[in-house]
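S.K.: Spelled out from the first residue to the last, the chains are:
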Amino acid sequence: MSPDRRRFLGWGAAAAAGVALAPALRLIELAQARSPEEAASALQRWGLLIDTAKCTDCEVCVTACHEENGVTGHGRPATDAQWIRKVSLRDRRTGYAQTLPLMCQHCEHPPCVDVCPTGASFRRADGIVLVDKHTCIGCRYCVMACPYGARSFIHEDVSGQKPDVPRGKGTVESCTLCVHRVDRGETPACVTACNRDGGKAMVFGDLNDSGAEIYRRLRSQPSTQVRADLALNTGVRYQGL
Amino acid sequence: MIRIAAGIMAAVVAVAGFADSGEKRAGRVAMPVIKIERGENCVAPVEEMRRNHMTMLTHQRDRTMRQGLRETRFSLKNCIDCHASRETGSVLGKDGFCSSCHAYTSVKMDCFECHTPLREGGAAGAPR
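Protein sequence lines, in the order shown, are assigned to chains A and B. Numbered according to my numbering, the first sequence spans residues 1 to 241. Numbered according to my numbering, the second sequence spans residues 1001 to 1128.
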């Protein structure tokens, strides 16, 4: 092989490697936190994977959520706000019992958004379903439309809100997937708490990012959506259900 | 002639009434207390802030809520961080930065029905 030919092939190989690596580098970049000047993008879809086999009988996720978001009650379970709750299931015939956290499932086709008369209930580009309390009139159509019972109405005056989580009487609220933390590049409070003090049953990540653990697990292991028959394409998926 | 005289009379009475009510108002409503706790430079000149702060906040509110853009320049959290009182850590209250002007101009704001009026980290004795 002549030196010229060898050099030419070397360049070719370098160029090919560059082309092959570029998309991978792009993905790494996507996995980083957005800068505050960058809008939420449809390239990402945030989601949760909850392994019910690992979910123990604790309430760590519920406590952490309500602490992070300043969700306080008045000791009136019928009307107090509830962003996340533990649900217990029991097979009547075999007696097999399971427990799992249930919250807003961050649907791709959210019924709460369909029914909202003011456009306050909306889905952000990255898949997080939120209530814009500036336009919410408190009609509670979304509360009725949600098949997961994920939304709460604030009946009473609120004080002592967290700076990142405004809450006020007369509006509807639900799990925000800790959007203020996600925008900072952190994981939601429930996931952090579950991995620290709980059964390590929850994984948070970008459902579109092939490098993410949640993507790999959803691709290689069986998982279910709650009420998959409604074809809402939920962002929250369960295993072992 | 009578008509012109009546007109002049009416004008005089109106002006006198206006001046009178103005005096009363000055006696009744306290002038706003504008105490700037921290930072000599706001995000825009004072005149512009006085006239347009509500537009800036509404614009930023929609960007943050809908698009997830968390620019700090016009964010309510950023305003509160500088303007909250050193003693109470709040922009509300008797001499609160927001509430004293809003009471004077009689403009109701509903930001703090949901948002906390307190600076993150509470009342700070010294400027941060």
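These aren't lab readings, by the way, just hints derived from the structure by calculation. Treat the hints with care, as some may be off.
From the derived model, a few chain B residues whose C-beta atoms are all more than 10 Å from chain A [as the list claims (entries may be wrong)]:
#1 Val1029
#2 Cys1042
#3 Asp1062
#4 Gly1068
#5 Leu1069
#6 Thr1072
#7 Gly1093
#8 Cys1101
#9 Tyr1104
#10 Cys1114
#11 His1115
#12 Leu1118
One-sided and incomplete, this derived list gives chain A residues near chain B with beta-carbon spacing under 10 Å [what the hints assert, rightly or not]:
#13 Pro163
#14 Pro166
#15 Gly168
Below, in silico cross-link-like pairs of lysine-lysine (BS3-like), each with a Cα-Cα straight-line distance of 27 Å or less [to be verified]:
#16 A:Lys169 / A:Lys200
#17 A:Lys133 / A:Lys200
#18 B:Lys1094 / B:Lys1108
#19 A:Lys86 / B:Lys1108
#20 A:Lys54 / B:Lys1094
#21 B:Lys1077 / B:Lys1094
#22 A:Lys133 / B:Lys1108
#23 B:Lys1077 / A:Lys162
#24 A:Lys54 / A:Lys200
#25 B:Lys1035 / A:Lys169
#26 A:Lys169 / B:Lys1108
#27 B:Lys1108 / B:Lys1077
#28 A:Lys162 / A:Lys133
#29 A:Lys169 / A:Lys133
#30 B:Lys1077 / B:Lys1035
#31 B:Lys1094 / B:Lys1035
#32 A:Lys86 / A:Lys133
#33 A:Lys133 / B:Lys1035
#34 A:Lys86 / A:Lys200
#35 A:Lys169 / A:Lys86
#36 B:Lys1108 / A:Lys162
#37 B:Lys1077 / A:Lys54
#38 B:Lys1035 / B:Lys1108
These figures come from a predicted structure and were not determined experimentally. We put the beta carbon where it would ideally sit given N, CA and C, even for glycine.
S.K.: Work down the list of hints and note, for each, if the structure agrees.
M.R.: Results for each hint:
| no. | hint | in the structure |
| --- | --- | --- |
| 1 | Val1029 | holds (27 Å) |
| 2 | Cys1042 | holds (19 Å) |
| 3 | Asp1062 | violated (8 Å) |
| 4 | Gly1068 | violated (3 Å) |
| 5 | Leu1069 | violated (5 Å) |
| 6 | Thr1072 | violated (7 Å) |
| 7 | Gly1093 | holds (13 Å) |
| 8 | Cys1101 | holds (22 Å) |
| 9 | Tyr1104 | holds (25 Å) |
| 10 | Cys1114 | violated (3 Å) |
| 11 | His1115 | violated (4 Å) |
| 12 | Leu1118 | violated (8 Å) |
| 13 | Pro163 | holds (5 Å) |
| 14 | Pro166 | holds (4 Å) |
| 15 | Gly168 | holds (3 Å) |
| 16 | A:Lys169 / A:Lys200 | violated (35 Å) |
| 17 | A:Lys133 / A:Lys200 | violated (33 Å) |
| 18 | B:Lys1094 / B:Lys1108 | holds (15 Å) |
| 19 | A:Lys86 / B:Lys1108 | violated (41 Å) |
| 20 | A:Lys54 / B:Lys1094 | violated (53 Å) |
| 21 | B:Lys1077 / B:Lys1094 | holds (20 Å) |
| 22 | A:Lys133 / B:Lys1108 | holds (18 Å) |
| 23 | B:Lys1077 / A:Lys162 | holds (11 Å) |
| 24 | A:Lys54 / A:Lys200 | holds (7 Å) |
| 25 | B:Lys1035 / A:Lys169 | violated (30 Å) |
| 26 | A:Lys169 / B:Lys1108 | holds (17 Å) |
| 27 | B:Lys1108 / B:Lys1077 | holds (19 Å) |
| 28 | A:Lys162 / A:Lys133 | holds (15 Å) |
| 29 | A:Lys169 / A:Lys133 | holds (10 Å) |
| 30 | B:Lys1077 / B:Lys1035 | holds (18 Å) |
| 31 | B:Lys1094 / B:Lys1035 | holds (12 Å) |
| 32 | A:Lys86 / A:Lys133 | holds (26 Å) |
| 33 | A:Lys133 / B:Lys1035 | violated (30 Å) |
| 34 | A:Lys86 / A:Lys200 | holds (15 Å) |
| 35 | A:Lys169 / A:Lys86 | holds (25 Å) |
| 36 | B:Lys1108 / A:Lys162 | holds (22 Å) |
| 37 | B:Lys1077 / A:Lys54 | violated (39 Å) |
| 38 | B:Lys1035 / B:Lys1108 | holds (20 Å) |
Violated hints, in rising order: 3, 4, 5, 6, 10, 11, 12, 16, 17, 19, 20, 25, 33 and 37; the structure is consistent with all others.
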